[in-house]
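K.L.:
Each protein sequence line maps, in turn, to chains C and D.
When we follow this note's numbering, the leftmost residue of the first sequence carries the number 1, and every step to the right adds one.
When we follow this note's numbering, the leftmost residue of the second sequence carries the number 1, and every step to the right adds one.
It should be emphasised that the hints constitute simulated quantities derived from the structure, not laboratory data.
One should not assume that every hint holds.
Pairs of lysine to aspartate or glutamate, EDC-like flavour, derived with a Cα cap of 16 angstroms [stated by the list, open to error]:
(1) C:Lys89 / D:Glu105
(2) C:Lys125 / C:Asp155
(3) C:Lys161 / C:Asp201
(4) D:Lys109 / C:Glu264
(5) C:Lys89 / D:Asp167
(6) C:Lys245 / C:Asp122
Just so we're clear, the structure is a prediction, and the values are computed from it rather than from any experiment.
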Amino acid sequence: MLIKTGKPGDIRPSEITSESAYLRRREFLYGGAAFASLALPGRGLASVSTSLSQRLKEADKTAFGEGESLTPFRDVTNYNNFYEFGTDKSDPAEYARAMTVDPWSVSVEGHAEVTGNFTLEDILKPHGLEERIYRLRCVEAWSMVIPWYGFPLADLLKRFKPTSKAKYVFFETLYRPDEMRGQRSLFTSLEWPYVEGLRMDEAMHPLSFMAVGLYGKALPNQNGAPIRLVVPWKYGFKSIKSIVKIRFMEERLKTSWEKAGPSEYGFYSNVNPNVDHPRWSQKTERRLPNSLFSPNRIDTQMFNGYADEVASLYAGMDLKANF
Amino acid sequence: MTGKWIKSRWLWWLVFLGGLLPFVFLGVRIVQNNLGSEPAKYLVEFLGEAALVMLLLTLSVTPLNRFVSGWVRFRRMLGLYALFYAGCHVASYGVFLVDWNNLLEDLYKRPYITMGFLALVILVSLGLTSNKLMMRRLGRSWKRLHRLVYLAAILVIVHFWWQVRSDFTEPLLYALVLMCLLGFRFRYFSGLLGGGR
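Make a model of the complete structure from these sequences and hints.
P.N.:
This is the structure we're talking about:
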């Protein structure tokens, strides 16, 4: 039986970042960046993190998610599915710090004119960051509202000049069992490395987003540092974390979840209240934050509420058959 | 091995209070508002796991009794604790996680819920017939009826197993414990342990 009690000396996330501190984050980042640039004239590790914090500070506000109430930072960073670190929601927050995210590189392969190995700096350099508040709906029927920081996936993919043969784009998560304890589990049905993918038109859709931060900070490891995908109209597991490989493909590969449970997890996995998971209903979701006596249960929307933007991608398709 | 202590009042209280520990633990966490980001889910899963542990403890009484005779006096209490936690598990599922309309729909649509429900039906009927009056009344069939506890335990493991998304380690461990407990009975009753009464 799992009984988790905090050790007396444990620091609670709310002690690290209070809501008021979050709201004053820009002051903090200004101060922090100024201090860092004084103390460590841009070199190596310091330059990556200062330039990222600088960019996060300069990120443009957008209209995405206006009027949504945000899921608190504490929940966003302590209630995660990142099976590379274990299947309990609290495992990633506990164990993901073991993952080395600097240095980081991404290899680009397949049907594109520009391929090869790129450092994280190469990847990020030309992109200005923007803040987008997106709903995130997990296939397990809980959901969050998260302020992501990043840039459109299309802007990144265009830089590699995919050829006409590129019909799909696939992504891979880091495979490093000595730092990712979930990858050492003996009785898991998931294959590593974790693979996810999109049809090219889905990937090029303006809502598809590459995130490098949330709540004005660099992505915490448990949320998929240093770079992850966010596809807000699909179930959360499509939004692959800690990306190390991008492949432009002509044929469709099987994704990790398709291999583990073909009757439960389809390639598309668009949020759809009318198609149940075989083992539970998708009609409603539990929005975080919630508590025992205010469960915050709301109706799930078609395409997670992004139908106006994305429904046309699937015109004429049977969404029950292509779940 | 046996002794007076097995019949002592303080041991009875120790086991009784020990069985309440998970409940007290939950109570403290609820008061502290410390059930994590999804309190309802935590509550339901915790109570379910407590019920499973109590059920396995109940099933371990017979093997233990071979080493510590007299231990059998705690079997009914542990069994009733399993029923108690299973009841709380289902009640909290119904109250906090779904509404009761959905519960009925889940019963026929989701096989893992069907398994859990069948196990609950068994535990309730065993609980209702666990008093001395019913034991007397049912006579020989009481024993046959209460062998259903083995079926209940298997159903509970299946109920757990079918909810796993990818990692089977935890239900596998419980399944192994159950297999040992059932395996003991098989050997015991086929006389291989030499103690067949």
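K.L.:
Tell me if the straight-line CA distance from Lys89 (chain C) to Glu105 (chain D) falls inside 16 angstroms.
P.N.:
Not satisfied, since the Cα-Cα distance of roughly 27 angstroms exceeds 16 angstroms.
K.L.:
Please verify whether Lys109 (chain D) and Glu264 (chain C) have alpha carbons no more than 16 angstroms apart.
P.N.:
holds (15 angstroms)
K.L.:
Decide if the proposed pair is consistent with the structure: Lys245 (chain C) and Asp122 (chain C), CA atoms, cutoff 16 angstroms inclusive.
P.N.:
holds (14 angstroms)
K.L.:
Is Lys89 (chain C) within 16 angstroms of Asp167 (chain D), Cα to Cα?
P.N.:
holds (13 angstroms)
K.L.:
Is it true that the CA of Lys125 (chain C) sits at most 16 angstroms from the CA of Asp155 (chain C)?
P.N.:
holds (12 angstroms)
K.L.:
Quick one, are Lys161 (chain C) and Asp201 (chain C) close enough, alpha carbons at most 16 angstroms?
P.N.:
Given that 16 angstroms is the threshold and the Cα spacing comes to 14 angstroms, the pair holds.
Of the numbered hints stated above, the single one contradicted by the structure is hint 1.
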